[in-house]
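S.K.: Sequence:
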Amino acid sequence: MMMLGPLGFAAPWLLAAGLALPVLWWMLRAVPPRPREVSFPGTALLAGLAHPAPVAPRTPWGLLALRLAAGAAVILALAGPVWRPAAPVAGEGPLLILVDAGWGAAPGWDDAQSRARTALDQAQAKGRPVALWLADGQGGRGDGPVFAPASDAAAALRAAAPQPWATRYPADPAAFLAAAPAGFDTLWIADGAAHPGQAPLLAALAARGAVTVVPPARPLRAASA
Numbered sequence: 001m002m003m004l005g006p007l008g009f010a011a012p013w014l015l016a017a018g019l020a021l022p023v024l025w026w027m028l029r030a031v032p033p034r035p036r037e038v039s040f041p042g043t044a045l046l047a048g049l050a051h052p053a054p055v056a057p058r059t060p061w062g063l064l065a066l067r068l069a070a071g072a073a074v075i076l077a078l079a080g081p082v083w084r085p086a087a088p089v090a091g092e093g094p095l096l097i098l099v100d101a102g103w104g105a106a107p108g109w110d111d112a113q114s115r116a117r118t119a120l121d122q123a124q125a126k127g128r129p130v131a132l133w134l135a136d137g138q139g140g141r142g143d144g145p146v147f148a149p150a151s152d153a154a155a156a157l158r159a160a161a162p163q164p165w166a167t168r169y170p171a172d173p174a175a176f177l178a179a180a181p182a183g184f185d186t187l188w189i190a191d192g193a194a195h196p197g198q199a200p201l202l203a204a205l206a207a208r209g210a211v212t213v214v215p216p217a218r219p220l221r222a223a224s225a
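All residue numbers for the sequence shown refer to full-length UniProt numbering, where the first residue is 1 and numbers rise by one.
Just so you know, the hints here were simulated from the structure itself, not pulled from any lab data.
It is possible that part of the hints are untrue.
Unchecked claim - Now the in silico label distances, taken between C-beta atoms and shown as ranges: (1) P215 x A16: 50 to 58 Å; (2) W26 x G80: 37 to 45 Å; (3) G80 x D152: 43 to 51 Å; (4) V82 x A210: 46 to 54 Å; (5) A73 x W165: 28 to 36 Å; (6) L21 x D111: 34 to 42 Å; (7) A207 x G137: 23 to 31 Å; (8) R117 x W25: 21 to 29 Å; (9) A16 x P181: 51 to 59 Å; (10) V82 x W25: 24 to 32 Å.
In this text, a Cβ means the ideal position worked out from N, Cα and C, and glycines have one as well.
Could you build all of it, start to finish, from the sequences and the hints given here?
M.R.: Structure below.
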């Protein structure tokens with residue numbers, strides 16, 4: 001993704017189409033060739049009549065500017081502008097996306113899903129295998145992360161929802177990661193609260209690779225015990 005200040009573009013190569021705007025300007029200014037004049041005696045009856053709306057010799061500047069602005073807007077829209085996009089997840093190998101999904105994640109769930117989707121899109125563009133694991137008290141029964149193409153995790157993310165109990169982590173992080181690859185990076189989308197087992201899991205993940213913790217956009221009003 002290319003950045004221009006706080007604005008990012010998902011398909012920056014489409015901005016090159018802006019080089020065609022001068023050609024569009026020239027084409028819009030062009031007028032049809034002068035019609036061929038044929039002498040006809042009957043036209044003498046029309047002599048002295050003025051046209052109520054004389055045709056301008058050139059396209060009016062206001063209309064020309066409007067058309068150029070519309071063309072530029074289409075190019076910008078196709079380039080996929082994103083305001084303040086999330087920073088790309090570093091690394092090239094497998095990626096674990098861990099999402100806190102207890103009651104504390106409910107207020108910022110839309111933001112959490114959006115951040116996870118962005119990470120999935122970035123991983124898919126790089127061909128990175130991805131494992132999505134929800135700390136919702138259901139996936140924490142001992143089943144470790146399963147790495148697969150990013151498109152597989154996207155369907156699970158769409159169906160995910162926060163649960164009405166506290167975020168829960170695996171009781172034994174070593175057993176949880178036993179079947180995982182030797183090295184992988186982790187994107188931890190946190191709910192902002194402290195939960196039992198958080199520190200041991202973070203240490204186990206850090207031993208496997210880089211860990212990026214994303215705090216919630218809106219802090220919790222109360223923390224779980």
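S.K.: Hints broken by the structure, by number, lowest first?
M.R.: As far as the earlier hints go, 1, 2, 3, 4, 5, 8 and 9 are violated by this structure, in ascending order.
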